[in-house]
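With the hints as constraints, model all of the structure from the sequences given.
Quick mapping for you: the protein sequence lines, in order, are chains W and Z.
Numbering that gives the first Met the number 0 puts the first residue of the first sequence at 0, with every later residue one more than the last.
Numbering that gives the first Met the number 0 puts the first residue of the second sequence at 0, with every later residue one more than the last.
Accuracy of the hints is not assured; some may be wrong.
To be verified - PhoX-like cross-link-like pairs, simulated, lysine-lysine; straight-line CA separation at most 25 angstroms:
id	chain 1	residue 1	chain 2	residue 2
1	Z	LYS154	W	LYS294
2	W	LYS294	Z	LYS97
3	W	LYS21	W	LYS77
4	Z	LYS154	W	LYS77
5	Z	LYS36	Z	LYS132
6	W	LYS84	W	LYS54
7	W	LYS294	Z	LYS168
8	W	LYS297	W	LYS264
9	W	LYS264	Z	LYS132
10	Z	LYS101	Z	LYS26
11	W	LYS84	W	LYS117
12	Z	LYS384	Z	LYS311
13	Z	LYS384	W	LYS77
14	Z	LYS101	W	LYS57
15	Z	LYS132	W	LYS242
16	W	LYS294	Z	LYS57
17	Z	LYS168	W	LYS297
18	W	LYS234	Z	LYS132
19	W	LYS264	Z	LYS163
20	Z	LYS154	W	LYS264
21	Z	LYS101	W	LYS297
In case anyone wonders, no lab produced these hints; they're calculated from the structure.
Predicted model only: the values in this text are computed from it and were never measured.
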Amino acid sequence: MPKRILFSILVLTLLQITVLAKNITFHPVPNQPYLQSSQLMLDSEEYNTVVLKIKANKSGQANLFWLTSYDKGFDQRKNVQFLIKKGEKSYYLNIPSQNPNWIGWIKGLLLFPQINGKIEISSAEIIEGNLFTNIISGWQEFWGPRGRVETGSTINTMQSSNLYGRSVFVYIYWTLFFIFIGLITWKIIVTIKNNKNLDLLELLPEVGKKLVIAIIIIWALLEANTLSNNWNSTKQDFILIGKNINEKRTIINTGDFYPFIQFCKENIPADSTFDSRIPPFYNDIKATYYLYPIKHEKGGEFLVIYDKQFENELLKTYTPWKKFRNGAYILRKK
Amino acid sequence: MQILNTLIIILIPSIFGLFLLSLFMQKSANRFYFWEKLALAFPIGLGAIVIVMFLLTKLVKIPLTFFSITGSLFVTAAIIGLYLLKKKAFCINLAEIKKINKFDHQNMAWWEYSLAILLAFKVIYVYFASIVKPLIDVDAFLYYSIVAKGIFFEKTFNTPYLLKHIHDKPLLPYLSQGWAFIGMHTINDALFKILFPTLFLCLLVIFYSALRKYYTRRMSMIFTFLLSTLPFLVFHVATAYGDFTMSFYYGAATIYLLLFMKSFNASDKESAFSNLLISFVLLAFAVWTKRAGIVYAGTNIFVLLTYLTVNKNKITGSDLLHAAIPLFNFFILIIPMLLYGQFNILIVIIRSILGIGNGGASAAAPAKILPPNKAGIIFSIMAKKLFLYADWHLLWALFIVSLVLFYRRSLRSPLVFLLAIIFLDVLALFVQFGTVEMFRWLLDGTIFDRLTMAYIVIITYFCAEAIIPSLKDNSLAGGTRPSPKNKKGS
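Laid out in structure tokens, this is it:
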């Protein structure tokens with residue numbers, strides 16, 4: 000009888016009917032890469048899960064920002080990131096489990112997809128989550144971009160995948176701790192039962208052997224996860240196979256940056272010097288490398304400008320010389 | 000043609016390395032596995048090429064071209080070859096080559112085959128990730144690879160423009176990448192990275208061989224597999240930074256230092272001193288790789304001297320002489336680097352350790368005003384980074400388990416000396432992060448993991464040494480153990 004009750008409770012919990020649900024409409028913002036919701040006024044404690052059905056022609060990362068009654072605008076502290084997969088899929092985001100800043104009254108949402116393709120929100124609602132949506136949210140969070148997508152900062156550190164806002168390692172260490180406690184308790188009971196002398200220091204290596212096996216098994220699971228990341232990054236690099244070095248450089252750089260560099264190489268004498276105005280991050284450093292043996296020097300003989308407004312003062316020193324396209328030029332010292 | 004040129008940048012150091020290795024090992028070459036010798040030949044040859052390039056530029060003052068470098072190597076190899084011919088002591092022989100296909104696969108369980116396949120996958124992955132993608136990492140553009148490109152065009156690194164990019168850093172990463180461009184006869188910033196997965200492969204072979212000399216195939220494979228999976232290490236193999244190279248040279252040098260102690264404890268002195276010589280040659284190349292190399296070298300030398308002092312009853316006058324040769328070689332190899340500017344770094348480091356630094360060099364001078372909780376902050380960031388990030392899987396948990404649950408083995412000689420090295424290396428982190436500049440980098444998360452990587456190979460090796468003997472009565476530790484006289488072909 001108690002088994003039947005427990006089973007019924009479990010089924011009812013899993014199938015828990017969502018009491019609170021509110022449909023949301025997202026609108027594209029003119030000349031901006033993001034979509035914004037209509038104005039809302041929802042209690043964050045009651046409405047904690049955003050369900051988005053998204054149709055995309057490419058996979059990629061997206062961020063969902065929110066605005067509370069205390070905010071004047073969207074900001075970096077209030078966002079969660081997730082992976083959008085190619086095709087039409089539903090995404091469950093139990094936000095308070097991933098970010099503690101889901102507080103107060105929620106006034107609006109903003110979806111920022113970082114995909115070089117088309118995306119469309121088929122439906123969107125904000126609901127009071129249940130066990131089912133929470134499990135899916137945790138699963139999608141684990142397989143999300145954190146710890147999987149290589150970014151510039153990966154060279155310095157590798158994030159771990161998260162589960163309900165915490166590193167998966169937190170859960171792993173708790174598991175290992177309980178295994179350790181379980182093993183040591185079991186060993187003590189067996190020793191006492193067999194009327195042997197209890198020497199805790201003797202028990203440690205015995206327990207250690209089994210704990211090592213547990214660590215190696217969990218390590219293997221973590222490695223399976225890493226191998227899937229390795230496979231994803233390998234798939235992204237398939238495009239580079241069979242290409243020559245210039246084609247590869249064109250692909251790995253953004254936009255037409257590398258063709259512009261080649262244009263500069265063709266037009267600036269190798270034994271001269273250049274200065275640059277090149278955004279965004281690190282492209283100026285790349286230009287210094289790519290253009291060598293033309294040496295980078297402040298106030299050099301040539302000025303390389305790529306998608307950056309330059310100070311009019313510069314026109315006193317330099318004169319326009321070669322044009323790659325609008326916004327990308329080479330200037331020469333007067 | 001490009002493939003051939005790419006292979007040349009691996010083959011030439013490997014062949015030259017074999018000559019040097021033969022010189023170092025002489026009659027004790029049969030104590031080393033065939034594949035282990037090949038795995039040592041490449042990094043030793045690469046380090047030697049860097050020194051040759053340095054001497055050609057600074058001492059002989061001739062341009063660095065393919066012919067000047069390979070010509071110098073040829074002359075040196077010919078002289079060494081004549082000596083080896085006289086001594087009849089080349090490190091590999093025909094009998095070993097004939098045994099290549101006789102791989103020790105008897106009684107291999109399904110999971111051992113799986114481990115072998117996974118190891119192979121990882122190696123293929125790092126080769127693919129390294130050579131398919133051109134350079135993308137900022138420090139490689141800013142420092143190492145632009146100088147390498149400069150060496151290719153200018154045939155020297157000794158120009159004001161290139162020296163500006165070198166700063167006060169040791170030269171191995173710059174010159175080894177320069178060698179790659181020169182060897183390929185072109186600037187291909189994808190293929191030149193083949194140096195690093197090759198070092199990774201060498202590291203796995205060395206690691207496996209070092210374990211296999213004392214333990215079963217199964218356990219050696221498990222721990223080599225664990226090393227091959229460390230995500231941050233694997234990621235860095237595909238970059239053109241100096242951190243993985245540092246990890247390789249320092250890790251391998253320390254493994255051979257422990258092998259020296261193990262052989263010495265077992266009274267196998269011939270083997271012991273060959274291990275010591277190899278250890279200190281690799282350690283010298285660590286000094287050539289990154290500034291921190293000099294700190295790590297100091298640690299290893301200090302621990303070696305402690306070991307010799309503790310074991311003074313076992314040491315004869317001849318042993319001391321044999322121990323002095325590797326140290327002498329080490330100093331000969333690092334003298335050019337010290338004269339080149341690293342001596343200043345050494346002075347600053349010593350001053351900072353003694354607490355009298357003046358903050359003149361960002362690398363090692365302590366901050367004038369230390370916030371009272373600075374050590375606490377370092378410790379807290381350290382704990383978070385080591386345990387909650389994906390860099391090292393569960394290595395640090397395994398390390399703690401090794402220390403606590405296998406304390407008897409961990410605290411026994413010679414493993415306790417490896418533990419001392421790890422302890423001093425971690426302590427060195429605290430000294431380094433005592434500086435204002437380094438502390439800032441700790442807070443913004445840019446450097447801690449890369450510094451930790453230098454001794455991650457040693458931590459893995461320590462875990463293996465502490466755990467494997469303790470599992471002796473467990474079925475997992477079963478399998479065939481090599482007989483001391485029949486080590487080949489494993």
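Consistency of the hints with the structure:
1. Z:LYS154 to W:LYS294: Given pair LYS154 (chain Z), LYS294 (chain W) holds - Cα atoms ~16 angstroms apart, limit 25 angstroms.
2. W:LYS294 to Z:LYS97: violated, 53 angstroms
3. W:LYS21 to W:LYS77: Between LYS21 (chain W) and LYS77 (chain W) the Cα gap is close to 20 angstroms, so the pair holds against 25 angstroms.
4. Z:LYS154 to W:LYS77: Violated - the C-alpha atoms of LYS77 (chain W) and LYS154 (chain Z) are around 53 angstroms apart, more than 25 angstroms.
5. Z:LYS36 to Z:LYS132: Cα-Cα ~30 angstroms, so violated.
6. W:LYS84 to W:LYS54: holds, 8 angstroms
7. W:LYS294 to Z:LYS168: With Cα atoms ~21 angstroms apart, LYS294 (chain W) and LYS168 (chain Z) stay inside 25 angstroms; holds.
8. W:LYS297 to W:LYS264: Measuring from Cα to Cα gives roughly 18 angstroms; hence the hint holds.
9. W:LYS264 to Z:LYS132: Answer holds: LYS264 (chain W) to LYS132 (chain Z) is near 22 angstroms, not above 25 angstroms.
10. Z:LYS101 to Z:LYS26: Holds, because 24 angstroms separates the two Cα atoms, which is no more than 25 angstroms.
11. W:LYS84 to W:LYS117: At roughly 12 angstroms apart (the allowed maximum being 25 angstroms), LYS117 (chain W) and LYS84 (chain W) satisfy the hint.
12. Z:LYS384 to Z:LYS311: Distance of about 40 angstroms is beyond 25 angstroms: violated.
13. Z:LYS384 to W:LYS77: Holds. LYS384 (chain Z) to LYS77 (chain W) sits at ~24 angstroms (cutoff 25 angstroms).
14. Z:LYS101 to W:LYS57: The hint is violated at about 49 angstroms.
15. Z:LYS132 to W:LYS242: holds, 10 angstroms
16. W:LYS294 to Z:LYS57: Measuring from Cα to Cα gives roughly 23 angstroms; hence the hint holds.
17. Z:LYS168 to W:LYS297: At roughly 23 angstroms apart (the allowed maximum being 25 angstroms), LYS297 (chain W) and LYS168 (chain Z) satisfy the hint.
18. W:LYS234 to Z:LYS132: holds, 12 angstroms
19. W:LYS264 to Z:LYS163: With a Cα-Cα distance of about 22 angstroms, the restraint between LYS264 (chain W) and LYS163 (chain Z) holds, given a limit of 25 angstroms.
20. Z:LYS154 to W:LYS264: Roughly 21 angstroms separates the two Cα atoms, so the pair holds.
21. Z:LYS101 to W:LYS297: violated, 62 angstroms
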